[in-house]
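S.K.: Spelled out, the chains give:
Protein chains: 2
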Amino acid sequence: MAAHSDIYPALLLIGDGLGDRAVPELGGKTPLEAANTPTLDRLAAEGESGLMDPIGVGIRGGSDTGHLALLGYDPYKYYPGRGPFEALGIGMSVARGDLAFRCNFSTVDDGLIVLDRRAGRIKDGTAELAAALNGLQIEDVTCYFKESIAHRAALVMRGPGLGEHVSDVDPHEVGAKVWEAHSTKEGDAASEKTARILNAFVRKSYEILDQHPINVQRRAQGLPPANIALPRGIGVSPDLPPFNEKAGVKSACIVEVGLVKGLGEYLGMDVIDVQGSTASVDTDTEAIGRAVIEALQDHNFVLCNVKGPDVAGHDGNARGKISIIEKIDRMVEQIVAATGGKLIIAFTGDHSTPVTYGDHTGEPCPILFWGPTVRKDLVTTFGETAASQGGVHRIRGLDVVNILTSYMGVQEKFGA
Amino acid sequence: MAAHSDIYPALLLIGDGLGDRAVPELGGKTPLEAANTPTLDRLAAEGESGLMDPIGVGIRGGSDTGHLALLGYDPYKYYPGRGPFEALGIGMSVARGDLAFRCNFSTVDDGLIVLDRRAGRIKDGTAELAAALNGLQIEDVTCYFKESIAHRAALVMRGPGLGEHVSDVDPHEVGAKVWEAHSTKEGDAASEKTARILNAFVRKSYEILDQHPINVQRRAQGLPPANIALPRGIGVSPDLPPFNEKAGVKSACIVEVGLVKGLGEYLGMDVIDVQGSTASVDTDTEAIGRAVIEALQDHNFVLCNVKGPDVAGHDGNARGKISIIEKIDRMVEQIVAATGGKLIIAFTGDHSTPVTYGDHTGEPCPILFWGPTVRKDLVTTFGETAASQGGVHRIRGLDVVNILTSYMGVQEKFGA
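Line by line, the protein sequences give chains Y and C.
Reading the first sequence from the start, the letters are residues 14 to 429 in this note's numbering.
Reading the second sequence from the start, the letters are residues 14 to 429 in this note's numbering.
Possibly wrong hints are sitting among the right ones.
All copies of an identical chain are treated as equivalent in the list; a pair is satisfied when it fits inside any one copy or across any two copies.
Unchecked claim - No more than 25 Å apart at the CA atoms, straight line, and that leaves these computed lysine to aspartate or glutamate pairs for DMTMM-like:
| no. | residue 1 | residue 2 |
| --- | --- | --- |
| 1 | Lys42 | Asp54 |
| 2 | Lys426 | Glu376 |
| 3 | Lys426 | Asp372 |
| 4 | Lys42 | Asp19 |
| 5 | Lys426 | Asp297 |
If you are wondering where the hints come from, they were derived from the structure by calculation, not from laboratory data.
Given the structure is predicted, the values throughout are model-derived calculations rather than measurements.
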């Protein structure tokens, strides 16, 4: 009898920045190859693996564009600039039609010459400073403002007739004067309006922040005041179809990257926070594992992102990358054991962050698929080189959800 | 001297639903891997193999969309909904501009409430019932109607100014009343006309069928009358360029799937019927082999589809799938022997139909190319796992005819 009724849930597990290059101090192995990963090796041996280009062959992507693609949304079609995702990532409400910007708290003099683009990498008091800007009304537009980590923040503009074709205000350079924004699209009244509001917002942020008690205190401590907000990375909120509808699943999102959390929320996934998740190599992967196991009780698709490999990659910390990969390996064992193996797992990265380079690169990530319905190839360990020999060959990020929903048994048929 | 003048004919042989997954009762092998296939193994050893995604990586396709792609027509561009292929598949004439629907004979009460969507899965008498509807003239439109298998039928509307944006009449639910069709495109007079004709056709089908002698007899036997025709799956006949012109060949089509036969006719291929072809595992593959050999006398491209592997896959019948694959192996030997090996062979599937799943899935099909001009790789047997190591790597259905016409020596050069 055909077991057509065998339907499995799926876990799409992302080791952020997983892919790497040969590391001399590891004898030419990558951190993934040097790590002791008995469970990932077993899954690769029992399933199939290959290489996956999140966005396209050779393309250096981000966590936002990478996750967009891995969830089946072509970032060349859907990526609206980083602003909206940044805002979503710190828990701001973003509605369709809003404009959003990433911002820095910066230090300027009274001629608006930039003295420090990051206001001395300010750590404390940004919540109060942000609150002083939040809700500013300029013409018929409301400006929502919220602090992120350190000197970072986000601005959401909500109001009628806003356009997105606007030049920068942040000169990206110390000693330069803050630029006046202008429309970059001839005759576009909406973008002219945005430029006007943006210039007014920047000016007002200086007026409000310069003598704010937090900055009075900072000056007294010899610290540069965070006396202006400089927006950049403008983006209009994207028209993304909800993930559950698009993929035919009921999904949860357990991720350590604010940007990706915001994306999950925007896509209508159930976003689950985990106590002990630190978004670094010291994160509590066992707690994340428990959250995944619990989410699989009432969801049939879980996206889980562990940020540590990317952090270690940026830090050039090969040992740290090995350590977090070994923690992920134990987490996968924990999940497989708790579910009796009755699930489909895909494990990969959203981009490569080689420890020898310290930033994202365009090489593909290794990917493995494992589960009761998954084909078996001849690969017996999990790593960049081994995966290059795998039965999956070389696929795109956009293919991953289709492969999963086929193995899950929930994909609609195209044709008869 | 280069043998530039060596031109070979090609056989594109499709084992319908060939691809599979590991089967526990076969010790983890797929049916293709478990089957005794000395000829296919030899061809794989002498030629090259790989994996082929008929429609796209991870995409669950049908026989119609799969064959469209394998013949080089992008189904995302050309697939018009199932109606036209269904009609073609049962031998109805479909012309450019016609609208076609799949239909069910159903049972309704006198308030047009659906009592049985399949009229008790009626087996006999549908030819007479269909004849009573065939040729109905409504306004300036002629309705052609023909029975298919069991409760299934097809409707072709031919006439001026018909539009395809029309809502359903089949409520897809017992206890619901037959719906009134309406145009789903604001201000589209052509679709309004189609909706009007469709509603009139459904009404007339009830008036004509309800007291038809076949139904009088069915009621006397306690069977539900097949007293209405409910169309669905509307499609406008697609604007497909003829295959011979597109591929630069003279082609024949020897296939066991009605849908694909219809496609071949529509594409202008010479469709050849085979006595003893049953579209199941008991089909006469030797007779099909003879037909292929004969067709190769006066065609340089033969598409041949053997349906059995798909039937066995749907039935969850691993032994049956092995048996029909072994028959295909002998048929290939027969064809190679009769032609002295002077041809190019591609053997693959139009989709996977794993016996453990019982329906189509999105995994790629193994594919092999063989012939005097074909490259050789390191693979020595034919099967899903072996093919994953092959020199063809992972290609798309759309690539197959191009590979064949290049090996045949008949492809036009693109460039100088």
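S.K.: None of the hints should be skipped; say for each whether it holds.
M.R.: Consistency of the hints with the structure:
1. Lys42 to Asp54: both (15 Å within a copy, 21 Å between copies)
2. Lys426 to Glu376: Answer is between: at 13 Å across copies they meet the 25 Å cutoff, but 32 Å inside does not.
3. Lys426 to Asp372: Close across copies (10 Å), not inside one copy (40 Å); limit 25 Å.
4. Lys42 to Asp19: For Lys42 and Asp19, only the inter-copy Cα distance (19 Å) is at most 25 Å; the intra-copy one is 39 Å.
5. Lys426 to Asp297: Answer is neither; intra-copy 40 Å and inter-copy 30 Å both fail.
In this structure, the one hint that does not hold is number 5.
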